[in-house]
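Protein chains in written order, with our numbering: chain B, 1 to 376; chain F, 1 to 144.
Because the hints were derived from the structure by calculation, they are not lab data.
Every residue, glycine too, gets a C-beta built ideally from N, C-alpha and C.
No incorrect hints appear here.
Partial list, computed: chain F residues near chain B (C-beta under 8 Å):
(1) G15
(2) I22
(3) F23
(4) G25
(5) G30
(6) E40
(7) T41
(8) P131
(9) Q138
(10) A142
Derived BS3-like pairs: lysine-lysine, alpha-carbon spacing no greater than 25 Å straight-line:
(11) B:K78 with F:K130
(12) B:K40 with B:K78
(13) B:K337 with B:K225
(14) F:K130 with B:K40
(15) B:K338 with B:K225
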Amino acid sequence: MRQTTSHQRGFVLITMAIAAAGVLAVAGLAVDIGRVFIAKNEIQVACDAAALAAAGQLDGTTNGLSRAQDAVSAMPNKWNFGTADLPAPAVTFATSAAGPWVADPNPAAGYAYVQVTAAVQVRLYFMTLATGQSVSNVTSSAKAGQIPIASVSRGLAPYTAVSTNTTGPNFGLVAGNSYAMQWPTFNSSRSGCSVASPSLCFNSLPCSGDSAASKTAVVANWASKYQGYWGANSNSLIGAAVLDGVQLAPLTLGQNIDPLLSPGDKQAEADYLDRRVSQDTDTADTTPAAYLASTRHNGRRLLPVAIVDPVDPTHTNVIGYGQFLLLSNGSPSDYYKKAGNGNDPYCALYAGPYNIGSGGPGAGGSSGASSVRLIE
Amino acid sequence: MKRRRGVAILEFAAGSGLLLAIFSGTFDFGYTLIQYNRLETAVAQAARYASIVPYDSPNTTPSAAFLASVRNMALYGNPAVGHSVVVGGLTAANIQLQVTFANGVPATMQVSITGYNIYALFGTHPLTGKPRVSYPYQGVWAPA
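Chain B with its partners taken away, still in its complex shape (with noise of 0.2 Å):
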């Protein structure tokens, strides 16, 4: 009888103390792994801003892998509830999604993709009792790329860059030549114009860098119709147009853009392309390789349009798209507008591909087009 009156005081303490020790175990779990799940979603962000980031830098050449590593660093994004910077992370390039990933590639030629992986070292307050593991090693990575696009619905500036050449993802353009956004006037009655010797067709003369094969495809099959312009006429839609990239309409890749084209304003057209010009910060380099060397530039100065094929005279094609660095001679208000008289082309000279958003050139595609997204 005693013997059993014993038992029975100490079983409810004794199934307590059983349960507290489960239900400790789940405090813990709850607070521990609640800490980790935070810091994993933290360094997550983290990464895939840095991805990002880094991603919009890649242009093909050694310079822009730098400075991908350096917007990595640069990043403010933090883990620990916001109060701790990321431990180095660590960055590796590759020229598809797939990898490999490679540290320093060189030549860095076609690297368009970057990966960002970030690990943290989380302390564990309760489970260190019952496991003995006193942190928790949290790995996150996100990997980001300029992904081609055939299709651009806003951006690009109511111009157009002419080539005949359709293997983007420069289609035959030259970088730092200078080919023209707007072809000067057509004027058939010339001495010697035809379309064997197109250059005499116009009143002034056509951009350096447009090539023979452009300048016959212009003259045969827009002759006085176009310029190669191809936005509204109004005023203010020119402006939206040059300054904030609204689009007439969405282009993709093989388009008819003929229906599109048309003379416009030429007063209009060459005042906002001044005043885009005025908006960077840097206006005194003349090469896009000095322009994109320069730490002032802000890449205002790059006019993003659709490269065109005029076929025939009611086809004019999309076969790609590409930047061009507007010119500038210091003045926010007179190179293109005093040059717009009309007889004159507005040239510009070819920067490189197009990525939405970067500051420069991107690291090309096939259709001389991208943006940069997350991969997973």
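Since the structure of chain B is provided, determine the placement of chain F on it from the hints.
Frame of chain B, contents of chain F only:
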């Protein structure tokens, strides 16, 4: 026998008090952590959204429409006004958007939570400037 039964109740009372304390402590921590995690996700989504849509202001003060859509993105996970907020009691005023320019063009979009309290069982956890997430701006700038 009566006396013994009373002992069991006392034991249970003492033990369950302890259990209840552990339980509510767990809830307190767990709830706070879950809310913080939800806010982190909401803020990250809003910052990502802000970083890719056209930024229609010439300076670091965003336009009313831009600010509203970013706040809605954090509140509802959608740029338009939705039905239920992601975390109870969160309002548009709690969501701060800070735009940073570099060389005169938008460079970074930072979204953070300020002035929001997580009401847990044993206390209030005020959030000032966190969670906070920055994304590089990669949209089309529309200054005019």
